[in-house]
Amino acid sequence: MTTTLFIGLDGCTYTVLDQMTRELPGEGLTMPFMKSLMERGVRAKLRSTPNPLTPPAWTSIMTGKGPGEHGVFDFIRAEDHGGEVYWTLYDARDIDSEIIWAILSRKGKSVAALNFPLTAPAPEDLKGSIVPGFIPAKHLRRNTHPRELFERIKQQIPGFDPKELAWDFDKEKQAMESLSADETAKWVRYHLPREEQWFKVAEFILKNDRPDVMAVMFDGTDKIQHQAWPWLDAALLKAEPTEHDREMRAVCLEYFRNLDGYIEKLVTLAGPEAQVFFASDHGFTASTFVLRINAYLAEKGYLKWAENDGSEQAIRREASDFANLDWAQTTAYCRTPSSNGIHIRVAAKPGDPGIQPKDYESFRERLIADLLALRDPDSGEPVIVDVLKREDWFPGQHMNRACDLTLVLRDHGFVSIRNLTPAVAQRPQAIGTHHPDGIFMAVGPGIPAAGMVGLRQIVDVAPTLLYSAGLPVPADFEGAAAESFFTAEQLTARPPKKGARTRVTERRQLGQEMDAGEKKQIIEQLQMLGYME
Numbered sequence: 000m001t002t003t004l005f006i007g008l009d010g011c012t013y014t015v016l017d018q019m020t021r022e023l024p025g026e027g028l029t030m031p032f033m034k035s036l037m038e039r040g041v042r043a044k045l046r047s048t049p050n051p052l053t054p055p056a057w058t059s060i061m062t063g064k065g066p067g068e069h070g071v072f073d074f075i076r077a078e079d080h081g082g083e084v085y086w087t088l089y090d091a092r093d094i095d096s097e098i099i100w101a102i103l104s105r106k107g108k109s110v111a112a113l114n115f116p117l118t119a120p121a122p123e124d125l126k127g128s129i130v131p132g133f134i135p136a137k138h139l140r141r142n143t144h145p146r147e148l149f150e151r152i153k154q155q156i157p158g159f160d161p162k163e164l165a166w167d168f169d170k171e172k173q174a175m176e177s178l179s180a181d182e183t184a185k186w187v188r189y190h191l192p193r194e195e196q197w198f199k200v201a202e203f204i205l206k207n208d209r210p211d212v213m214a215v216m217f218d219g220t221d222k223i224q225h226q227a228w229p230w231l232d233a234a235l236l237k238a239e240p241t242e243h244d245r246e247m248r249a250v251c252l253e254y255f256r257n258l259d260g261y262i263e264k265l266v267t268l269a270g271p272e273a274q275v276f277f278a279s280d281h282g283f284t285a286s287t288f289v290l291r292i293n294a295y296l297a298e299k300g301y302l303k304w305a306e307n308d309g310s311e312q313a314i315r316r317e318a319s320d321f322a323n324l325d326w327a328q329t330t331a332y333c334r335t336p337s338s339n340g341i342h343i344r345v346a347a348k349p350g351d352p353g354i355q356p357k358d359y360e361s362f363r364e365r366l367i368a369d370l371l372a373l374r375d376p377d378s379g380e381p382v383i384v385d386v387l388k389r390e391d392w393f394p395g396q397h398m399n400r401a402c403d404l405t406l407v408l409r410d411h412g413f414v415s416i417r418n419l420t421p422a423v424a425q426r427p428q429a430i431g432t433h434h435p436d437g438i439f440m441a442v443g444p445g446i447p448a449a450g451m452v453g454l455r456q457i458v459d460v461a462p463t464l465l466y467s468a469g470l471p472v473p474a475d476f477e478g479a480a481a482e483s484f485f486t487a488e489q490l491t492a493r494p495p496k497k498g499a500r501t502r503v504t505e506r507r508q509l510g511q512e513m514d515a516g517e518k519k520q521i522i523e524q525l526q527m528l529g530y531m532e
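With numbering that gives the first Met the number 0, letter number 191 in the sequence shown gets 190, and the count goes up by one each step, no holes.
Fair warning: there could be bad hints in the mix.
Unchecked claim - DSS-like mimics (lysine-lysine), calculated; alpha carbons at most 27 Å apart, straight line:
#1 K44 - K264
#2 K162 - K108
#3 K162 - K264
#4 K496 - K126
#5 K496 - K44
#6 K388 - K108
#7 K357 - K108
#8 K126 - K137
#9 K264 - K206
#10 K44 - K497
What the hints assert, rightly or not - Quick list of the computed label-pair ranges, beta carbon to beta carbon:
#11 Q155 - P394: 26 to 36 Å
#12 D208 - K357: 53 to 63 Å
#13 V407 - I354: 23 to 33 Å
#14 A368 - N418: 16 to 26 Å
#15 A346 - A492: 39 to 49 Å
#16 L490 - D391: 52 to 62 Å
#17 N207 - D391: 39 to 49 Å
#18 A233 - G350: 53 to 63 Å
#19 P394 - L490: 25 to 35 Å
None of these hints come from the bench; they were simulated from the model.
All values reported here derive from a predicted model rather than from experimental measurement.
In this text, a Cβ means the ideal position worked out from N, Cα and C, and glycines have one as well.
Starting from the given sequences, assemble the full structure and let the hints guide the process.
Here is the structure:
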């Protein structure tokens, strides 16, 4: 029987969830089942990773460790070779820590993990199922574990379409190109059948395989909120909505209504003895301005844009959303908009580009002062409200892979790295962006109807799930089981225990540059998710 059901809701926030679980004038109750779960269970805000971003945050959920330990910081990773910077996509081989699905399997528990990022390729000896998320359909079959699972799904689930299940980059791009006011609702609606496909796969595995621990992640919450936030945030709803506003609000409510139905069916299938948990990798809020961080750094003399000699390659590079710079004359720059961070170039040896190692501290302090001095030209308010040093916020074996400085913007938005001015510009309309506080909830036997309790950290999710499954928490986890999520009776009968350290995993070697197709796909994906201007 399934003892633990974990439902991930990418980007889910109480700002929206609290709306959907109460009666609203003219709209009624959108998520009645989720409302009943919340009334019977416990919940907390969940503080994300320092840069609340999908890859590092979900990896922290799966490892119980922060990015400084597990080694994932962004969608892509880069190697700075002085005269050039090379890029490649992160995948499961970049996680330098044992993921929870492997730990459960090693301890004799059967598992199923569906649609989680960075789960491809799956561990070969996994006892259970993995259908990875965040990959194109053409890679889905060979990255599904075990191999025969894909054929079972294809043959036994009516209407199964891997193109709907996985990221369809061509459809995503078409949606982006037609993202006018009239077409926005179509873009939101496009994600409804994809979410249904993931539900059907989860339902199939739960019915037929009955894993001890069942986990599925729904990511439409994140995608829809990025583009449709003005129709989800009650503070942004218009007093006199247009027909387009009403259509957008209706399709958003349809999504959450469908999601409520999927959750009800999965919880019912898991059975009354299962403990059910929900978590998101981050929350959401409104972004109202654009910070073109590299343009500002250029103004301050920290970087120089690459010269365009008119060649086809130069034109293509300048149009790219990767930083296109004169590396010989650049000392500090932002690599990707999703990183929200600044990399300081330190010369490896005399004559190399970058600052001298002995000047690092003084250079960084001057850079921090310049960043904090930036003001919104319209309001005079600070644009950057905090600058996080990597040794303070990303401690661990991979600290040096983190950005030297991580920026926290006033509206929690993501930066732009484009060569455009002015450096700070107001958005014509607010868009959705990540907030550091997501959700963490539980319901079931041994879980109190305690309502909202104190803040938890994202590294607490994995140990909480392991405790629910009856396993000790590895000694090298940075998080702890959320004891406020369990009754005194359960904690007395089965006190949380520390176990052995996690196993060492094999990481792939750096040195592989991202090919042109991968670059194109990741840029399109980041554009769709609102990370690029």
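Outcome of the hint check:
no., hint, verdict
1, K44 - K264, "25 Å, holds"
2, K162 - K108, "31 Å, violated"
3, K162 - K264, "24 Å, holds"
4, K496 - K126, "23 Å, holds"
5, K496 - K44, "24 Å, holds"
6, K388 - K108, "39 Å, violated"
7, K357 - K108, "52 Å, violated"
8, K126 - K137, "24 Å, holds"
9, K264 - K206, "11 Å, holds"
10, K44 - K497, "25 Å, holds"
11, Q155 - P394: 26 to 36 Å, "47 Å, violated"
12, D208 - K357: 53 to 63 Å, "59 Å, holds"
13, V407 - I354: 23 to 33 Å, "24 Å, holds"
14, A368 - N418: 16 to 26 Å, "24 Å, holds"
15, A346 - A492: 39 to 49 Å, "60 Å, violated"
16, L490 - D391: 52 to 62 Å, "33 Å, violated"
17, N207 - D391: 39 to 49 Å, "48 Å, holds"
18, A233 - G350: 53 to 63 Å, "58 Å, holds"
19, P394 - L490: 25 to 35 Å, "30 Å, holds"
The earlier numbered hints that this structure contradicts are 2, 6, 7, 11, 15, 16.
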